[in-house]
Structures are given as C-alpha cells and as structure tokens.
Amino acid sequence: MKDQLTELAKRAEADYCEIRVEDSRQTSIAFQGKDLENVQESHMFGGNVRACVNGCWGFVTFNDLNTLESRVQEAVRNARAAAAANAEKTVLAPVEPVEDVVRLDVKSDPREVSLEDKLSLFGGYNERMLGHDGVTSTNLRYFDTFTHLHFANSEGTWLDREALDMGMGGSAVARNNGTTARGSASEGGRADFEAFRGLEKRFDEAAEAAVDAAKSEVVEGGTYTVICDPHLAGVFVHEAFGHLSEGDNVAEDPRMQEVLRLGRRFGENYLNIWDTGLDNGLRGYLPYDDEGVPTQKTWLIREGELVGRLHSRETAGRMKEKPTGNARAINYRFPPIPRMRNTCIGNGPHGGFEDLIKDVKLGIYAINSSGGQTNGELFTFTAGQAFMIRDGKLAERVRDVTLSGNVFDTLRNITGIAGDFHVQDGAGGCGKGGQMPLPVSHGSPHIRIKDVVIGGR
Amino acid sequence: MKESTNKVAEDAKPGDFTGKLATLADAFEMYQAEGRSLNVGFENDRLNEIRQGQSSGVSIRAVKDGKIGFSYSSKPDELDYVAQAAIRMAPYGKAYDYQFAGEARSSHTRPFDPACGDLNPDQLVAICNRIKDTVKAIDSEALVDCSVGGGIGSARIVTSNGQDCREEQSNFSFFVSLRLAEEGNFVQNYRFGSANEIIPQETILAEAKATAEEFQIARKRAEISKGKYTVLVAPSALSDLLMPIMVSVNGNAIEKKTSRFVDALGEKLFDERLTLTDDPFHKDGVGGGLYDGEGVPTQKRAIIDKGTVSGFVHTLSTANRCGQEPTGNAQRGVSSLPSPGMHNLVMDAGSDNLADLMTKADGGIYLRSLLGSFTSNFLAGQVSGNISLGFLVKDGQLVGRVKNCALNVNSFDLLKSNILGISKEREWMGGRYLPWLLVEGVQISAR
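As they're listed, the protein sequences go chains A and B.
When you line the first sequence up against this note's numbering, it's residues 2 to 458, in that order.
When you line the second sequence up against this note's numbering, it's residues 13 to 459, in that order.
Since the hints were made in silico from the structure, they are not lab data.
Note that beta-carbon positions come from the ideal geometry of N, C-alpha and C, so glycine has one too.
Accuracy of the hints is not assured; some may be wrong.
With a straight-line cut-off of 20 Å between C-alpha atoms, the simulated DMTMM-like cross-links for lysine to aspartate or glutamate are [unchecked claim]: (1) B/Lys87 with A/Asp24; (2) B/Lys269 with A/Asp213; (3) B/Lys76 with A/Glu128; (4) B/Lys79 with A/Asp36; (5) B/Lys148 with A/Asp254; (6) B/Lys269 with B/Glu279; (7) B/Lys232 with B/Glu194; (8) B/Lys269 with A/Asp36; (9) B/Lys269 with A/Glu128; (10) A/Lys90 with A/Glu253; (11) B/Lys106 with A/Asp161; (12) B/Lys32 with B/Asp77; (13) B/Lys269 with A/Glu209; (14) B/Lys87 with A/Glu156; (15) B/Lys428 with B/Glu452.
Counterexamples of contact, computed for chain B against chain A with all Cβ distances above 12 Å [stated by the list, open to error]: (16) Gln66; (17) Glu153; (18) Ser172.
Pair ranges (Cβ atoms, derived) [said to hold, decoys possible]: (19) B/Ala116 with A/Lys35: 30 to 40 Å; (20) B/Gln213 with A/Gly179: 48 to 58 Å; (21) B/Glu279 with A/Trp300: 54 to 64 Å; (22) B/Gln213 with A/Arg112: 50 to 60 Å; (23) B/Lys280 with A/Met437: 52 to 62 Å; (24) A/Asp421 with B/Gln213: 56 to 66 Å; (25) A/Met437 with B/Lys295: 23 to 33 Å; (26) A/Glu397 with B/Val274: 27 to 37 Å; (27) B/Ala116 with A/Gly124: 33 to 43 Å; (28) A/Glu163 with B/Asp109: 37 to 47 Å.
Starting from the given sequences, assemble the full structure and let the hints guide the process.
Written out as structure tokens, the structure reads:
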C-alpha cells in the first residue's frame, strides 16, 4: 500500500497531490422506547485523491482501489481544468514530510467487549429511563468505529494510522397535558469503553429532568443574565467562537481579516480560549490532521485578545501563518477543510457556581445542550434543561430555553468565569460544508453572560 | 429527457446471490445503490474546486428465527460479508412482525435526465462565471460563493417476498451566496435550487440576481424592539415553522406515542386554508420516487387536509405496529435502516397575491431564514431561532435588515389561529413546494 500510494502521489502531474484510503468497521446499537430498534455491523471502504494545480483543486472519490491510477489522473485533469479557467499560484503552507505508523493505544477496546455485554449495558440504561413515571418513550444510541487510514502525499508524507471513536446518547421523552419535553445524557471518547459503564445516575437524572420539564412553563422571552454549565458553555465556545476562528472564513476575505485581526480584544483579561488535538482519549483527539499535519494546542484568545486561528495548509499559506493541524474530513467522501478538535474556555478567577449566581437578581441557569448553529456573527443554541435564577438562588424549572446572540457582543458580555473546568464528550458531532457529524470535544467551566436574548413566550 | 425506469431489474448481477441469501435467511431484503456526480465550486470569487464523486454500497436485512439483522458495506462485491454479518446480528435484532415488500409495480412515472450524468466541467465553470458576473454587477463588494453540479444514480431493492425494483434518479443543483463582513454587521444571503433535470442557465441567473438584490437591502439596518409582530414568512423559513407538523405525523412518533397527533386523525387542528400533501410524483420535486426505501410503491397523500389531520407517514414496521396501512414513506441511505419521512411536501397555494400580503405586513417583518431552529422542541410545537435574515416591511417594501432578535412561536397555535393570508405564488425549496404565509401575533425577542 505504502509504495503504491506514495509512488502515485509523487508521479501525479500537479503542484500537490494526496491520496487517502480508509477502511472502517462500525458496530451500532439503537433502542427506541422498549424496542431494540437496530443492531448493526458495517464496513466502509473507500478513498479519495486530491490534486492542486495553480491554486485550484481536483477531488475524486472511489470505492475500488483497483481504479486508483485512473482516479489520480481524473483528479489532476479536474485540477488542470479548473486552473485553466482561473489560474493562481498554489499556496500551501510548508510542513516537514512525516512518515509514521500510529497504532491504537487504548485503555479498553470495545472490539473485545461482546455484543451481548454491550446490549445488556445500554439496554439497561434504556430500561432505567423507561422505568420512571411520566416517561413515555426513550431513544438511546451507541456506536464504536474502528478506522484504518492510509495517507500519502507528493511531498513524501506517509501515514498508516488506526483510530477509534465511540459515542452514546440517550434521551427520555415525557408528556404532560399535551406538552412534550426531553432529558438527555451522553458519553463519548476514543480510548476507554469502560467509561460507558456505571452511568445509571446520569440516565436517572435525564429521565427526571424530562418529567419535571414537561410539567414546567415555557420561559418568558426577554434579555437575561445567563449562567451556562460547562457543557453548554463548551457548545457556546464551539458555536460562537470556534467556527469564526476557522481559517477558511478569513483567508481570502480582506474585510474579515480586519474584523479578526490578531491582537484585537474580544473579552476581559480572564477570557482564554484554545483548540487542541492533543487530549488523548477525547473525541477531539487527533495526532495528525487529514493533510498529514501533526496537531497541536492552538491558542485562539489569550487574556481577552485574539492570538490565533485554525488552519488548513491552504488557509495558513494564504495568510502567511503556520498550519495548525485543523484540516479535517468526516470520511473519504469529502475533502479536508478547517475544523475544530477540542475547543475550550479556560478556568477563570471567579470561584465556583455559587460565586457566579449570588449576585444575579433575575436570570437563567442553562444546563446541557440539544444543539446549536452559527452563521459567523449570530448564534442560536437550546439548553437541555433550565432553571430561573431569582435573588441569587436557583428557582423554578423552565423549558424550551433558546439562547440567541451576537458572537462579538456575547464574548464581551462574559462577566464571570468559574474555576471548575470540565469536558463531557457525547455521541454527536459538528456539521460544516455538508460534512456531519465530525467528532469534536468542547470544555469549559461555568460562565456567566449578561444580556443574552432568550426566545420564549 | 426520459422517464425513470420502473421495471424488474434486467442487469441483476446479484441474481445468483439472492438465491444464496434465500437459503441462509428465513426472509431478506437487499438494497443496492450506486451513483456518480460532478460539481464545480467557486469560493471567495474564484474557482476553487472540481469535485467528482463515485459511490456504491449494499445493505441487507436478514431474518432468522423471527428477528431481523442488518449490515452494510460500501464495497459492492462484499455481498457475502454483508449477508453473514446481517445473519449474525439477527438473534439480537428487532422482531420481524411485519412482511418485507411483496411484488408490486408502480403505475406512475418520474422524470429522469441522463444528461445529468454527462456534465462537462467546462460547461459548469461557465455557468459559475455567469453567476459571479451577474452578482458582481449588482454588488461589486460582496464575496461570491457558488456551485453547480449534478449526477445520476440508481437503487435496487430485492426482497424474499418477490419484490425486485430498480429506479434511476437524476439530479442537478445550484447554490449562490453573497457575503460581506463589515464591522458590526456580517451580511449573507443565499439561495439554492435543485431539480431532476438540468436547470436552464436563465433560471439560475435570475435566482442569482434576486439573491443579490435582496442582499443589497440586507446591508441596510432596521431596528425593532421586543414585541408581537405580523410576519410574512417566506418559503425558505416556512419549512422551519412546519417542522412540528412534520415531526408529529412521522410514524415513529405515532408508534412511540410522543406525537400529539396520535389520536388526532380526522380532527381539525389547523386553519381551513392549510393543506399539506406528500407528493412523490411531482415532476419538479427532488424528493420523490416511484418506490420507497423498502421497495413499497409510493403514494400521493394529504397529511393535513383543509386543516384536518388526515394521514401519517409510515415504514412497513411503524404501519404494522400502529395497525395502519403502509404508506410508502420509508426513507434511507444505503448504509442506514429505513425510517419514516416525506418525499415532497407540497402546501396548497392560497388566494392572496404576494404583493398584497407584503402590503398587509406593514410595520411587520419579512422572515427569510432562522438560525438553529432545528434545536427546538418540535414535538411540543415550539420553533425558536435567531432571525438570521429578516427585514422590516414599510409600505409594501423591504426597508432594511432586522438583527439581534429571536423568534419564538408555537406552530400548532400559530397555524390554527394566526394566519392572515397565504400567497398564490409558491417556490421549491429542495423537496418542499411552499407559498408565502402571513401570520400575526408572532413573539420577537430583541435587545
């Protein structure tokens, strides 16, 4: 494989050429209500060729390795056709070629756990949620995916890399007087199946949250001070700032480069944000990105100032900055683009949750998340659970709490960051450019934000 | 242009294999799909990529001792692996308490344009260049992203109950986006279109022009405060407001009794003017097909008929468990199990001219798109999201973009009591053909 891929990549008549071959096997389990809806073993095999000529790309996917040579020719032909219409200089930030073999290094391997054991474990969680009075249905999904990747490029990089990804997400649905509400729990990671055991309490809490939420009122819309728990704050930093930091937003947009100039102040001195591929065990762990670039911890905001962004080799080259190992593709059917890995807000100086809440006269405590979206400047995400804060104390539960805002205003409006940093992986992923779900992680301590727009009645 | 095939597969390469499969499993369903595509993409005003895709796969559902196992491979020659894995999974699987599709032929036809499989990169690059020129002539400062492309594919379903159907599909699509990042005001406007045949260049350029003209208005700001507003909902945003209904008629939600429509068949829950139909045969709808993902012939059916809940959408399994007839609504990719879903959602046109609705929306908001509304509690009817593109309306005209505000409605209530008008005009948004809707009393939160 090594000789074939390396030789073809080097021989390609292009400024740059890379070949990726991917072989993955997945086990997945899904419960819906009391039913085991699906147990599945799947095999995905395929690859792609990406060639660059005069700044233009040709990208070709395939399922049959026997056709590889002609696929390389097609990719080069497409790149040349594009370049003929719009020739520029190919600008890829230089990196040292790497040759490496990365074998799986895990604490406990799900492939050594029997299917019966997995069904018993996850079925148990599902039954536990169903056992709560008021829960009308449940949904629980688990997957583990083992992937063997081969990557070669025309500059001499060769990678033979194994990777594992696991995720589980469960939710309970409760109904009360025509109102439906949901509570959820999740786990994920790349290195330890045993982390999926012993989570009964988490699923009990999810079921109880659904039942309580179905009895609660819809929040009254308005502008509130909001305290986000570490999970929701992690979603916030991913949606609200992480995407904005991706180099393809900036590299060819002079106005955006002005808005996002390095050194610009985005928040208070206690605001620190980074993205890293180095946290082994988390779903955002990535020793090499999908251009074969070693990953790193990339600071985005230090002491409130913008200091970095997330690059592919092309966006780094165009901005004359260093590549950061953020070029990622969800699988061989897509080209790598700048994406996040594990994006975090660092601990702040404001103690714990009790210290953040004590001065809030009227606000909302938003916990967990059922997802979010950004368009670069604006964002929306929905809290998994929420409580009103009245006179510095937690008060009644409210439901259907959607937080909306402007990224720039909201980062400036962070008025408190606690010191209780936490990362909670799940089964979901990030979506961008039609590529979803990409395994990512996010973490944060509790944070307090003023003037957040909450959609409500 | 010709019509999609509707026949027993003649090139049944795996014919021998289904015979073998019949000896291994008590019952089976085999789904095979393949496709190829070509797309040209411009980013930041320049041609960035020509992408050529090839995909294939096979999946099998095998029944052994009354239970179903499922497996998939992207390698078309791995039939043995897939069959053995499906049989290995069966003892753990769901009960086979229904029947895989039996032999049945659709009596309908759908368009198939083989030219979508013979696209030429130069031809697509030329269209993208015309899009860019059209947009830049209206707003030279905007950065333009666009893409044009298409492809063809086919899917074949064979079951042990005698069904063997193969259907070809063709598609062509375009996307055009303008964006401008100014301090304190990022503006973006985009449109897309898709069809079963090659879309004429004139149509694409007209859409590009309309996108650019609307973009120019979006560069102006208009302020609003928190309150209840009359809102003219464009088809692009109406999709979001209809999601609670789509989720509630879904067979999964009916089976699990999480839908509030469980016992509502025949009940009038919405405005008399609201009629929603699932039409898999509409010639312009890209979501259609002659057969669903389980090989069941599809049907054109009303879901909401003059405000009354009139139908659910089912797979074979959900129909069986709900004690209802199958509806031919199994949606799937080759790597996934079937689940209930609409083909083409068509909403009946109203009796109002769009221009009149715009006049009636005076002082209100023209809603083009919401951000993050998919995170809403649809089962409860709730739709919430940041207004990513909305305009203040004055004297029948869009006067500027409203920003930093969020919409929150309960669609079940809104579509029952708050409809002021429905346009005669309609627009395709992917697999949805929707009019403009004027509603009152919409809660907007703003800073």
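A quick look at each hint next to the structure:
{"no.": "1", "hint": "B/Lys87 with A/Asp24", "in the structure": "holds, 10 Å"}
{"no.": "2", "hint": "B/Lys269 with A/Asp213", "in the structure": "holds, 19 Å"}
{"no.": "3", "hint": "B/Lys76 with A/Glu128", "in the structure": "violated, 25 Å"}
{"no.": "4", "hint": "B/Lys79 with A/Asp36", "in the structure": "holds, 12 Å"}
{"no.": "5", "hint": "B/Lys148 with A/Asp254", "in the structure": "holds, 16 Å"}
{"no.": "6", "hint": "B/Lys269 with B/Glu279", "in the structure": "holds, 17 Å"}
{"no.": "7", "hint": "B/Lys232 with B/Glu194", "in the structure": "holds, 12 Å"}
{"no.": "8", "hint": "B/Lys269 with A/Asp36", "in the structure": "holds, 14 Å"}
{"no.": "9", "hint": "B/Lys269 with A/Glu128", "in the structure": "holds, 17 Å"}
{"no.": "10", "hint": "A/Lys90 with A/Glu253", "in the structure": "holds, 14 Å"}
{"no.": "11", "hint": "B/Lys106 with A/Asp161", "in the structure": "violated, 38 Å"}
{"no.": "12", "hint": "B/Lys32 with B/Asp77", "in the structure": "holds, 18 Å"}
{"no.": "13", "hint": "B/Lys269 with A/Glu209", "in the structure": "holds, 19 Å"}
{"no.": "14", "hint": "B/Lys87 with A/Glu156", "in the structure": "violated, 30 Å"}
{"no.": "15", "hint": "B/Lys428 with B/Glu452", "in the structure": "holds, 11 Å"}
{"no.": "16", "hint": "Gln66", "in the structure": "violated, 6 Å"}
{"no.": "17", "hint": "Glu153", "in the structure": "violated, 8 Å"}
{"no.": "18", "hint": "Ser172", "in the structure": "holds, 20 Å"}
{"no.": "19", "hint": "B/Ala116 with A/Lys35: 30 to 40 Å", "in the structure": "holds, 31 Å"}
{"no.": "20", "hint": "B/Gln213 with A/Gly179: 48 to 58 Å", "in the structure": "holds, 50 Å"}
{"no.": "21", "hint": "B/Glu279 with A/Trp300: 54 to 64 Å", "in the structure": "holds, 58 Å"}
{"no.": "22", "hint": "B/Gln213 with A/Arg112: 50 to 60 Å", "in the structure": "holds, 52 Å"}
{"no.": "23", "hint": "B/Lys280 with A/Met437: 52 to 62 Å", "in the structure": "violated, 38 Å"}
{"no.": "24", "hint": "A/Asp421 with B/Gln213: 56 to 66 Å", "in the structure": "holds, 58 Å"}
{"no.": "25", "hint": "A/Met437 with B/Lys295: 23 to 33 Å", "in the structure": "holds, 30 Å"}
{"no.": "26", "hint": "A/Glu397 with B/Val274: 27 to 37 Å", "in the structure": "holds, 29 Å"}
{"no.": "27", "hint": "B/Ala116 with A/Gly124: 33 to 43 Å", "in the structure": "holds, 36 Å"}
{"no.": "28", "hint": "A/Glu163 with B/Asp109: 37 to 47 Å", "in the structure": "holds, 40 Å"}
Going down the numbered hints, you'll see the structure goes against 3, 11, 14, 16, 17, 23, while the others check out.
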